[in-house]
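S.K.: Work out the full structure: start from the sequences and follow the hints.
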Amino acid sequence: MSGELLRLRLERVRYGAHVALSDVALTVRAGEIVGVAGHVGAGKTTLALAAAGLLGRATQATVDGDVTHPAGGDPPASFVFANPWTQLTDLGGTVEEEVAVGPENLGLAPAVIRARVDRALALADGSALAARIPRELSGGEMQRVALASALALEAPLVVLDEPTAQLDPEAARRFAGAIRALAAAGRGVLLVEQDVRLLSEVASRVLVLADGRVLAEGDPRDLLHRHPPLDARLGSVTPAEGRRVTWGAARSTGTPTLELRGLTAGYPGREVLRGVTLTLARGTTTAWLGVNGAGKSTLARAIMGLVPAGSGSIIVDGEVLDALPVERRARRVGLVFQNPAAQLFGRTVMEEALFGPKVLGLPRDEGIAGAWDALRTVGLEGEAETNPADLSPQAQRRVAIAAAMAARPSLLILDEPTAGQDEAGRGWIARALDRQGTLGAAAVITHDLDFAQRHCGQSVTLTGGQVSDIES
Amino acid sequence: MNPRFDRFNPLTLVVAALLLTAAAYLGPAPAAPAAALALALVGAWWGGVGARGSALAAGVALPTFALLALTNGVLAAAHPDASFGALHYDTAGVRDALAVALRLGAAITALGAVVAGVAPRRLTRALAARGLPGWAAYLIVASLEAAPEAKARAQEVLDAQRCRGLATGGGLGRLRALAPLAGPLVASLVAETDERALALDARAFRAGRRRTALTPVRDPAIERAARFAMYAAIAALFVWRFAA
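Same order as they appear, the protein sequences are chains P and H.
Under this note's numbering, the very last position in the first sequence is 1568; numbers go up by exactly one each time.
Under this note's numbering, the very last position in the second sequence is 283; numbers go up by exactly one each time.
There could be a bad hint or two in this list.
Just some of the chain H residues that point at chain P, by a computed CB distance under 7 Å [unchecked claim]:
1. Val196
2. Asp198
3. Arg201
4. Leu205
5. Ala206
6. Ala216
7. Pro223
8. Glu231
9. Ala238
10. Ala241
11. Ala246
12. Gly247
13. Arg250
14. Ala252
What follows is a list of derived Cβ distance ranges for each label pair [claimed, not checked]:
15. P:Asp1565 - H:Ala191: 30 to 36 Å
16. P:Glu1232 - H:Trp85: 25 to 31 Å
17. H:Gln194 - P:Ala1211: 50 to 56 Å
18. H:Glu234 - P:Tyr1363: 39 to 45 Å
19. P:Gly1282 - H:Ala90: 54 to 60 Å
20. P:Asp1461 - H:Leu178: 52 to 58 Å
21. P:Glu1232 - H:Leu211: 34 to 40 Å
22. P:Thr1375 - H:Glu234: 39 to 45 Å
23. H:Gln194 - P:Ala1419: 19 to 25 Å
24. P:Asp1530 - H:Arg249: 56 to 62 Å
No lab work stands behind these hints, which were simulated from the structure alone.
Here a beta-carbon is modelled for each residue, glycine too, at the ideal position from N, C-alpha and C.
M.R.: So this is what it looks like as structure tokens:
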């Protein structure tokens, strides 16, 4: 058929003995946005890599099947990864130089490269970033640079693998606009997404994968709006009338777990937090909201002592933490970073869960009980003897959460825990927040408003390093 | 990276540094290495990296001179000019020590100024314009960026483990912290290498293909002529030194 940009028929894709995809067929035409949905481990990224022609070239996969790009192109497809940090090549010192890397690799003339860079930055809403240093950008800004870098290749087909996972709602909305503009300009788009709402809004057709096979294909407004969902692990778009627009019921006992009084903090030459005053009561679960760069992660790091405080005070359970080193604060506060790979080293999941209680000097019996309780809470008690490296990144994040909970901190802070999680994973994280609410207080830094409204009793919005709004 | 150095093609600066190094090692000591060191320092200060260049040169050359002068000129003097009991003084030994120190100082200052004052990406663009393949350009940039990246990742791992209660102070603390710090660091660097390779592949990177540049590095005729003259001077120094 004319206008076809991708014709894919995969009988089987294997990583060693593991079969990632079976009997998948897909076509993408010019001007079309095709969505791919599925639970974690359904084979979405494998399908995306195959569609871009990257599978088997840079990854260790055995592919039985054919992938053709009838419209040709050099390259026929470009690719945007979920993680904005690892897709920068570092061959460019500024954003426009980074965007130019693809056309430079194609050996194009400087004037042609310049025109492509300008077009790509404009289409990705990144023209204002042109002179910035890529490594100094926020996650959302960096993802726009990644999109521009892919667009500068001017491939007929653009493959996007969870491109909005790190973006705040406003940045995600603008990103969705850029995707629509691409299709309107005649490109074909294959959009792999965990966010069924985004897929429902932008995709003209959707392929739903489950356990490496096609579960359904069709209109996203049909497949992604079903109740009960087509696949419980994937979830579905909550109907507007059924969505909670108020925050979940608070369980506050009134006793403060965290008190921040006029906290200022930041980095050399750059103050990020400007007089944050905030109280989180025992029994509450609070969502910390705000755009990329608002200071949410910095606030968590300042509470832990990783970012030096200029003035103000941090009090947890009545104890002033200001003069305590990070490892002493860990007795009161558990912080789980966005990237679980930064902390996992144990040979088993249980070893990871026991690490905190052990180094914090908790009695052995108490540590073991806390570890089992935490693993049960996040649904990993059956994986206690599994090596964390053998788990998916999403499950590794749950290991990191369990490891923090096992030490029974008064305050647990999770930084973007739902990024990349499917409905099942989000459910386990919600359970962790509920459990923490019975032990002290929990805070979750998130761009996932739907999750926050369903599972948090209140929200705190940061704007420019200050608390701009508190809702409950 | 440096506005004054950026007026020149990076290859011209590299060749100038090589010429100063050759002059220091092949020319008559101590005059030639002293002149080369002086020129390298002037160039480094003019280029805005004089403080680092001087500190680097002094940090290497002064201890070298002190050690060699002590061993060759005093403790193990081959031809003493004067003796004070068990101690001797050998002028030739001290002169040799001075020559070695000046040569080291000149080479380190000249090459160090280029490394400190020229952006690696600009250098690789200049090399690519001279035919350097894409894989070599990436290798140079990745090597120069590897240390700061590993340092940033190590800090991330350290922060994460301290947040779990890991104390890293004291001898025993450092020993206990080895596995929790080294394990995630190595694993994440390996994983990142794979992801980076995939990202490069996605940007149409092909090992043998010659890259072009958004902003080609200027290479005017006068600089090409200057480089030719400097190559000739280096060759002449070798001929003078080894044919004499």
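S.K.: Against this structure, judge whether each hint is valid.
M.R.: Hints, one by one, checked against the model:
{"no.": "1", "hint": "Val196", "in the structure": "5 Å, holds"}
{"no.": "2", "hint": "Asp198", "in the structure": "5 Å, holds"}
{"no.": "3", "hint": "Arg201", "in the structure": "4 Å, holds"}
{"no.": "4", "hint": "Leu205", "in the structure": "5 Å, holds"}
{"no.": "5", "hint": "Ala206", "in the structure": "5 Å, holds"}
{"no.": "6", "hint": "Ala216", "in the structure": "9 Å, violated"}
{"no.": "7", "hint": "Pro223", "in the structure": "5 Å, holds"}
{"no.": "8", "hint": "Glu231", "in the structure": "6 Å, holds"}
{"no.": "9", "hint": "Ala238", "in the structure": "4 Å, holds"}
{"no.": "10", "hint": "Ala241", "in the structure": "4 Å, holds"}
{"no.": "11", "hint": "Ala246", "in the structure": "11 Å, violated"}
{"no.": "12", "hint": "Gly247", "in the structure": "11 Å, violated"}
{"no.": "13", "hint": "Arg250", "in the structure": "5 Å, holds"}
{"no.": "14", "hint": "Ala252", "in the structure": "6 Å, holds"}
{"no.": "15", "hint": "P:Asp1565 - H:Ala191: 30 to 36 Å", "in the structure": "33 Å, holds"}
{"no.": "16", "hint": "P:Glu1232 - H:Trp85: 25 to 31 Å", "in the structure": "29 Å, holds"}
{"no.": "17", "hint": "H:Gln194 - P:Ala1211: 50 to 56 Å", "in the structure": "40 Å, violated"}
{"no.": "18", "hint": "H:Glu234 - P:Tyr1363: 39 to 45 Å", "in the structure": "26 Å, violated"}
{"no.": "19", "hint": "P:Gly1282 - H:Ala90: 54 to 60 Å", "in the structure": "55 Å, holds"}
{"no.": "20", "hint": "P:Asp1461 - H:Leu178: 52 to 58 Å", "in the structure": "54 Å, holds"}
{"no.": "21", "hint": "P:Glu1232 - H:Leu211: 34 to 40 Å", "in the structure": "38 Å, holds"}
{"no.": "22", "hint": "P:Thr1375 - H:Glu234: 39 to 45 Å", "in the structure": "41 Å, holds"}
{"no.": "23", "hint": "H:Gln194 - P:Ala1419: 19 to 25 Å", "in the structure": "22 Å, holds"}
{"no.": "24", "hint": "P:Asp1530 - H:Arg249: 56 to 62 Å", "in the structure": "59 Å, holds"}
Comparing the model with each earlier hint shows violations of hints 6, 11, 12, 17 and 18; every other hint is respected.
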